[in-house]
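**Q** Spelled out from the first residue to the last, the chains are:
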Amino acid sequence: MLWHITIFSISGLALVILLYRVISIARLPVHLRWELAPAPHEKSRWKYGGSYLEEQEWWNKPRRKSLLQPLKYMAVEILFLRGVWKNNRNLWPFSLSLHGGIYLTGGMLFLSPINAFLIVAGLPAEITDTLAEIISYVAVIGFLAGSAGAISLVFKRLVDPDLKPFSTAGTFFNLLLLAMVFVSGAVCWFYQGEFGDLLSLFLSKLITLEAIRVMPLTFILYVAISLLFLLYLPVSSMAHFVIKYFLYHAVRWNDEPLNARMESKLRNLLAEKPHWSAAHTGTDGQKTWGEIGNGVRDEE
Amino acid sequence: MKNNELRFREFFENADSQLVKIEINHLIPLPSPYDKSQVSAWRELDTDQRRRLVCNLDGFIAAGLPVPQNAAEEQKYIDQFVKGLKKLLSRESNWTFLQPLLLSLDFCVKCQTCCDSCHIYLASGRNALYRPAFRSEIFRRLVNKYARKSSSLLSRFGVDEIKLNWATISRLYELSYRCNLCRRCAQACPMGVDNALITRELRKLFSQELGWAPQELHEKGTQLQLKVGSPTGMKPKVVKDNLDFLDKDFSEVTGLNIATPWDKSGADVLLLPGAGDILSFPESIMAFSILCNAAGINWTLSSEAPGYDGVNYGLFYDDIQFVKIALQHARIAKKLGVKKIVMGECGHQHKAMMAVADRILTGELNIPRESSMTFLENLVFSGRIKFDPDRNNFPVTLHDPCNIVRNLGIVEPQRRILRYLCPQFREMNPHGVDNYCCGGGGGLSLLAGANFIGWKVNISGGLKFKQILAAFSDCPGSGVKKYLCAPCLNCKLQFRDLLEYYDAKEKSGIYCGGLAELIVNAMVDLKNPFITWGEY
Chain A
1 MLWHITIFSI SGLALVILLY RVISIARLPV HLRWELAPAP HEKSRWKYGG
51 SYLEEQEWWN KPRRKSLLQP LKYMAVEILF LRGVWKNNRN LWPFSLSLHG
101 GIYLTGGMLF LSPINAFLIV AGLPAEITDT LAEIISYVAV IGFLAGSAGA
151 ISLVFKRLVD PDLKPFSTAG TFFNLLLLAM VFVSGAVCWF YQGEFGDLLS
201 LFLSKLITLE AIRVMPLTFI LYVAISLLFL LYLPVSSMAH FVIKYFLYHA
251 VRWNDEPLNA RMESKLRNLL AEKPHWSAAH TGTDGQKTWG EIGNGVRDEE
Chain B
301 MKNNELRFRE FFENADSQLV KIEINHLIPL PSPYDKSQVS AWRELDTDQR
351 RRLVCNLDGF IAAGLPVPQN AAEEQKYIDQ FVKGLKKLLS RESNWTFLQP
401 LLLSLDFCVK CQTCCDSCHI YLASGRNALY RPAFRSEIFR RLVNKYARKS
451 SSLLSRFGVD EIKLNWATIS RLYELSYRCN LCRRCAQACP MGVDNALITR
501 ELRKLFSQEL GWAPQELHEK GTQLQLKVGS PTGMKPKVVK DNLDFLDKDF
551 SEVTGLNIAT PWDKSGADVL LLPGAGDILS FPESIMAFSI LCNAAGINWT
601 LSSEAPGYDG VNYGLFYDDI QFVKIALQHA RIAKKLGVKK IVMGECGHQH
651 KAMMAVADRI LTGELNIPRE SSMTFLENLV FSGRIKFDPD RNNFPVTLHD
701 PCNIVRNLGI VEPQRRILRY LCPQFREMNP HGVDNYCCGG GGGLSLLAGA
751 NFIGWKVNIS GGLKFKQILA AFSDCPGSGV KKYLCAPCLN CKLQFRDLLE
801 YYDAKEKSGI YCGGLAELIV NAMVDLKNPF ITWGEY
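If you're matching them up, the sequences are chains A and B in order. Using our numbering, the first residue of the first sequence is number 1, and each one after it goes up by one. Using our numbering, the first residue of the second sequence is number 301, and each one after it goes up by one.
Next comes chain A alone, as it looks inside the complex:
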């Protein structure tokens, strides 16, 4: 049961840490507006970057927000790295290769438990074998693309004069860890063969809590490195795959005008007592934000 305990506890721990990080960010106070055009939720205007503030007396007009456009925007951004393509074309193939590898590996991890369930459910072998074969191909393309992306980015960061000064030990650690995940997967795939079958079988044993018999060394190595990565992922900057939501939706596209719900939160925040040392601020840790503003005339 060592496999079961290790995998479930590491996965659970990673999920808890990630959730904690997400909740910590979500619970940060409402901030002052700092939006940036274009905001894709603007139905007819977003293509040229327009906003509802282009309407005369906008406060008397209904807001027409698109829910679909931000999703489409983010899908292209996430899958094809639109921002890098548009603004950093030299980096794009490397970054796409890495991210493509991650997405395909993600696809593999999505399909494998399904196949494991199908195996447990006793579906005909033709179906599960076919799915295992698909998983296998998805996996190998992902491993190769990811390895190429991660390794080439390590080299690019070592030699590119733009990237080199900004590449810290942490940056290299992230890339090398990713490279190890992909390379170990690729080694297992090529050395062992029938990777999809192996993974599906492994996961089905996990799900049914059955004993996992001796696994090939290359597979054990791949799983171990992946678990290490999984544990590290939520505490690293690679958690941006989730946090990006906040950077876009809570800041860049957050142009929501003041409303009653927000106002009650803001009343609490305006009651906070800032403490800055410069004399002109008049903040001594006793006055609230609201009082600082109110006191201007009195000071004169």
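Worth flagging that the hints you see were computed from the coordinates, not collected in a lab. Honestly, I wouldn't trust all of these hints.
Subject to a maximum C-alpha distance of 25 Å in a straight line, what follows is the list of computed DSS-like cross-link-like pairs (lysine-lysine) [said to hold, decoys possible]:
| hint | chain 1 | residue 1 | chain 2 | residue 2 |
| --- | --- | --- | --- | --- |
| 1 | B | Lys386 | A | Lys273 |
| 2 | A | Lys273 | B | Lys383 |
| 3 | B | Lys321 | A | Lys164 |
| 4 | B | Lys410 | B | Lys449 |
| 5 | A | Lys287 | B | Lys383 |
Residues of chain A placed beyond 10 Å of chain B at every Cβ, according to the derived structure [unchecked claim]:
| hint | residue |
| --- | --- |
| 6 | Phe8 |
| 7 | Ser11 |
| 8 | Leu68 |
| 9 | Leu79 |
| 10 | Asn87 |
| 11 | Ala121 |
| 12 | Ser152 |
| 13 | Val187 |
| 14 | Phe190 |
| 15 | Phe202 |
| 16 | Phe219 |
| 17 | Ile243 |
| 18 | Pro274 |
To be clear about the criterion: a stretch of chain B counts as covered by chain A if any three or more of its residues have a C-beta under 8 Å from a C-beta of chain A, and this derived list gives those stretches [claimed, not checked]:
| hint | segment |
| --- | --- |
| 19 | 377-389 |
| 20 | 500-514 |
| 21 | 644-656 |
| 22 | 707-719 |
| 23 | 755-761 |
Remember, predicted model here, so these are calculated numbers, not experimental data. Don't be surprised by glycine CBs; every beta carbon is placed ideally from N, CA and C.
Take the given structure of chain A and dock chain B to it, following the hints.
**A** Okay, now just chain B, sitting in the frame of chain A:
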């Protein structure tokens, strides 16, 4: 050293020596007759300035920090800086921007995608010091090393190349005024990281904790505005006298009866102009007066300080000052009982009052606020004023103020006016939300410094100037008068310096003015042209 090489370590070494030297032959080339051989180089700092002021960055001085008297004074500032770092991460002292700051600090992947979006970096010939991410990365490393307790192991992993000393903070202070806060880099960032926001947080730390801010923004800016009503120094009586004089003067010139209304209770519109327009670009405020009167708008100006000056330099460097001024503006509008506040042609004022202050102006202070772009568009297309577009039959291009366009998404109203009223309107490239900053954004247009104007016109304004010339490339020379429409007071101040420095009026016939002036110039009722192609 190559132009694009700068190691982080150098930033905190040798506090007394200049970190980089900007070579004029590295800058982006301008077309003839503005190529480098014909452009005068900037003024070097003299011995006295070097003795009195900290000048250890790039040979320019924007902030004008006095040299500390001894090591103890330096240490005092270093200690304050650490305290300030911690306060920036606290809810009570910085709830205003805590979430955006933490997100931008923690999730930059250091891909340098932001670099080529920065007009300063490009115009400098890709000088490494001006990378948008350079100052952010120094700040990030300082925060991780000196202000965070909990994540010591992980956050310090790989960020050893930083040291907090006098060189670091004095250079960082000056470097925080090498950014226009235009947010073009934030727009380019695939992660959504905002280096301009980080720069503004840095400026806040220096101002709110150490009391350091350029005097043009602070003593002669927000402090003066809170004390007398306006950074121009104009008190209510002086403003009223000046406008009274302008009313008479412009009535005589235009043949119209111009009377600017003051303090009308219950008016539909409170116009919140930038008082700098009254002194430097009086045609702008007069154009608004003419248009509002011609359209029969029930409008008013306020003579209560600071209600006649809509600027809020707090937006550039200090949240506390920002809050104080924004609340004052809203209170004055409330007292007058106006139905809405209309922003003057001033970019940062738009952003300050329409967006950033939106979450401060709660309850009765939440008075509707509208852009002058939409307000003017409504006047033009209301049918209440007759226009003859042929009166504007000269080349016109539009500069997009970052704070109105990229930051608020107000893109088309001003264009619809220009397409209707200016037969020779042409766009710059790029334009709209992808525009380049004028080079004076983020308060830099106000900074004169010791020799800072040389930096503003050559580096921060270089790419914009090139863009303007390209927009008018079909009609070179001074024979054809050309109008650069910049609906923003700060942009106009920057363009005034830029056009004067390059002698662009003489060489290319380029003049700069606002949007309202072009509208008035096309009015059928006007006997003489409103645009006189005179001094701006």
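**Q** All hints, please: hold or fail.
**A** Verification of the hints:
no.: 1; hint: Lys386/B - Lys273/A; verdict: holds (15 Å)
no.: 2; hint: Lys273/A - Lys383/B; verdict: holds (16 Å)
no.: 3; hint: Lys321/B - Lys164/A; verdict: holds (22 Å)
no.: 4; hint: Lys410/B - Lys449/B; verdict: holds (23 Å)
no.: 5; hint: Lys287/A - Lys383/B; verdict: holds (19 Å)
no.: 6; hint: Phe8; verdict: holds (24 Å)
no.: 7; hint: Ser11; verdict: holds (20 Å)
no.: 8; hint: Leu68; verdict: holds (19 Å)
no.: 9; hint: Leu79; verdict: holds (12 Å)
no.: 10; hint: Asn87; verdict: violated (4 Å)
no.: 11; hint: Ala121; verdict: holds (41 Å)
no.: 12; hint: Ser152; verdict: holds (14 Å)
no.: 13; hint: Val187; verdict: holds (27 Å)
no.: 14; hint: Phe190; verdict: holds (30 Å)
no.: 15; hint: Phe202; verdict: holds (31 Å)
no.: 16; hint: Phe219; verdict: holds (30 Å)
no.: 17; hint: Ile243; verdict: violated (6 Å)
no.: 18; hint: Pro274; verdict: violated (4 Å)
no.: 19; hint: 377-389; verdict: holds (count 4)
no.: 20; hint: 500-514; verdict: holds (count 5)
no.: 21; hint: 644-656; verdict: holds (count 3)
no.: 22; hint: 707-719; verdict: holds (count 7)
no.: 23; hint: 755-761; verdict: violated (count 0)
Of the numbered hints listed earlier, those contradicted by the structure are 10, 17, 18, 23.
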